[in-house]
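Chemist: Given next are the chains, with one letter for each unit.
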Amino acid sequence: MSSTFWAWFGVGVYVVIGVVIAILARRRMGVGVSDFFIANRSIGGFVSCMTYSATTYSAFMMIGLVGLVYGTGIGSMGFELTYLAGIFMLVFFLPRFWLVGHKYGYISPAELLADRYQSKWVGGTAAILALVFLVPYGAVQMMGVGYLMSGISQGAIPVFAGILVSFACALAWSRIAGMRSVAWTDAFQALVMIVTCIVLLGVVAHHFGGFGSFFSKVNSTIPGQLTVPNAKGAWSVNMFIGLALPWLFFCVSNPQVSQRLFIPKSVTTMKQMLGGFFVFGLIYTIICTLFGFSGALLFPGLEKADMAMPTLLGQSFIPLAIAIIIMVGILAAAISTIDSILLSLSSMWARDIHKGLINTKATEARQLSIGQNWVIPIMAVIALVFAWWASGKTGLAFMIAPLSSAASAGLLMIVPAIFGAFFWKGGTKQGVLASTIVGAIVVLVFQVTGIKPLGWWPGVWGAIVCVILFFGVSAVTKAPKEKAEEFMGYLKEKLAEGKFI
Amino acid sequence: MSKLRGAWVWFVFMLVLDIVIPWAALTHVQTLGGAFTFWIIWVIVAIISAFVIFTKWMEVKP
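Protein chains in written order, with the working numbering: chain A, 1 to 501; chain B, 502 to 563.
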């Protein structure tokens, strides 16, 4: 039978297992928005860790990072490990998000900001920022699946068919039982992701005659890819900071990830989530880097670097069964991210835009209906259209990794407000609104026009403008002192009690 | 210096190393013993630092 048949067979098995898990999760589902959007803050350590890992690590890794390493060398690994090191900041933010989430009943990170700065407009702005910038990030996941299925079938499956598969699965799983089905399917998918990539690494290393021989070949054949900048000049300091800065703050700026800081059921599960994620991330990043190098050794000169992983899977020394399992692992990585994004966006639209700004008397049933029946399908369709459009483009700007980082550059504009919420009583709603709106416009304009003044990337300029405006405008406007005192006073007491820092 | 401030200072110091070492000290080392090894050791140090902090957390009722 052909590779096309087996590719569809693998997808079919994966979809059936995913649907069964989602339906089982639905049986445990309670009622209300808290249960649908954040599983009633009752997720255990293992599932918390796995859903955090699967949501964070997407098609970006096995397609995007592998392609970036293949095309530009070791700077790509440094960029991705900078993100992982940035998770260090969760020792500050995880207990803070978790404590105030429980105390005040926040469902989304935007809701936290709205309450802390005493302004529904702050929550609405944060939600709109996420709606705008998460669309390209969701779309690149779909593109990754499209490239992969096309590559495995040697073009017999069109890229758009793969995009459609990821669209349908993410749509279904985010609607079936909300966070519970997303978290449970994520746990299954994270296991598939890590196990399959370890298996593939073994096969690749064996092909090169073992790890020692593989490393020797990397040193002797592609030495120009092992430094920063690389031999072709990629990874200047400007490029590194431009891509890594948004990535560094990903854990607090991306709502689909920071919303997960609300879901652990206890401090012990928080520790398991954080520790497990560090281990997962380290293994996954190093393995993806080695896949990129193996591609550069085996088939240099691909026109589209994002095709490195699909091309690697099409090599004759990789058994078809292994290739199909890996394909399912990457499919899992992509879909687990898209469904989390859809769920997060739907919660923010329902809570922070609809209830916050449009209809303040909206019942929980109405919020759920809007999130499930309108926002999730509409955002999925928009991401689908974006993915279809971007998949026809070539060049660095349309590679998966830079596109993902560009999305996070926009979301970076909310970071000063998040820092202010927890660490500075002087922050004001005017400061938040000015900094996020102007910063996001700067990022959007620079990204669309391709302008890089002084060689610095859009996220860097946006961040500079955003920080200046947040502190500058806050300094001349009135802070919600009473709320700030109460919010930070509560945290001070509880942080000391739990020996948090 | 409070523990909070000390942890932030340590984190910023790590970020400075993230750029200074690969671009200044290792920019001519064209082997896996250069930036590749540095970044792996660097991130392991960051991870261990986080473990040192969060393993001390105690159970608390919000």
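Among the hints, erroneous ones may be present.
Coverage of chain A stretches by chain B, computed from C-beta distances (three or more under 8 Å per stretch; other residues unrestricted) [said to hold, decoys possible]:
hint	stretch
1	154 to 164
2	223 to 231
3	277 to 288
4	413 to 420
5	474 to 484
Derived EDC-like pairs (lysine to aspartate or glutamate); straight-line CA-CA distance at most 20 Å [stated by the list, open to error]:
hint	chain 1	residue 1	chain 2	residue 2
6	B	Lys504	A	Asp35
7	B	Lys562	A	Glu482
8	A	Lys483	A	Glu493
9	A	Lys217	B	Glu560
10	A	Lys393	B	Glu560
11	A	Lys271	B	Glu560
Simulated restraints on C-beta separations [to be verified]:
hint	chain 1	residue 1	chain 2	residue 2	range
12	A	Leu24	B	Ile545	33 to 43 Å
13	A	Leu282	B	Met559	24 to 34 Å
14	A	Glu497	B	Phe514	22 to 32 Å
15	A	Val195	B	Ile549	37 to 47 Å
16	A	Glu497	B	Phe552	20 to 30 Å
If you're looking for bench data, these hints aren't it; they were derived computationally from the structure.
Keep in mind it's a predicted model, so treat the numbers as computed, not measured.
Backbone N, C-alpha and C fix where the C-beta goes; we use that ideal spot for every residue, glycine too.
Chemist: Work down the list of hints and note, for each, if the structure agrees.
Modeler: Verification of the hints:
Here's how the stretch 154 to 164 of chain A fares: 0 of its residues keep a CB closer than 8 Å to some CB of chain B, so the rule of at least three is not met and the hint is violated. Coverage of the stretch 223 to 231 of chain A by chain B holds. Counting CB-CB distances below 8 Å, 6 residues qualify, and the rule asks for three or more. Only when three residues or more bring their CB closer than 8 Å to a CB of chain B does the claim for the stretch 277 to 288 of chain A stand; here the count is 3, and the claim holds. Beta-carbon proximity to chain B at under 8 Å applies to 0 residues in the stretch 413 to 420 of chain A; the threshold of 3 is not reached and the given coverage is violated.
Taking a C-beta to C-beta cut-off of 8 Å, the stretch 474 to 484 of chain A contributes 0 residues in contact with chain B, too few for the three needed, and the coverage statement is violated. Simply put, Lys504 (chain B) and Asp35 (chain A) have alpha-carbon atoms about 36 Å apart, too far for the 20 Å limit, and the pair is violated. Between the alpha carbons of Lys562 (chain B) and Glu482 (chain A) the distance comes to roughly 24 Å, so the proposed pair goes past 20 Å and is violated. Taken as a hint, the Lys483 (chain A) and Glu493 (chain A) pair is honoured in the structure, with Cα atoms around 15 Å apart against an allowance of 20 Å.
Straight-line distance between C-alpha atoms of Lys217 (chain A) and Glu560 (chain B) comes to about 50 Å, which puts the hinted pair past the 20 Å bound. A threshold of 20 Å between alpha carbons decides the hint, and for Lys393 (chain A) with Glu560 (chain B) the separation of about 51 Å lies outside it, so the pair is violated. Restraint check for Lys271 (chain A) and Glu560 (chain B): satisfied, since their Cα atoms lie roughly 10 Å apart, inside the 20 Å limit. For Leu24 (chain A) paired with Ile545 (chain B), a C-beta distance near 37 Å keeps the hint of 33 to 43 Å intact.
Separated by about 26 Å at the C-beta atoms, Leu282 (chain A) and Met559 (chain B) satisfy the suggested range of 24 to 34 Å. Look at Glu497 (chain A) against Phe514 (chain B): about 29 Å separates their beta carbons, and that is inside 22 to 32 Å. The beta-carbon spacing between Val195 (chain A) and Ile549 (chain B), approximately 25 Å, falls outside the hinted interval of 37 to 47 Å. Between Glu497 (chain A) and Phe552 (chain B) the beta carbons are some 21 Å apart, a value that agrees with the proposed interval 20 to 30 Å.
When the structure is compared with the earlier hints, violations turn up for hints 1, 4, 5, 6, 7, 9, 10, 15 and for no others.
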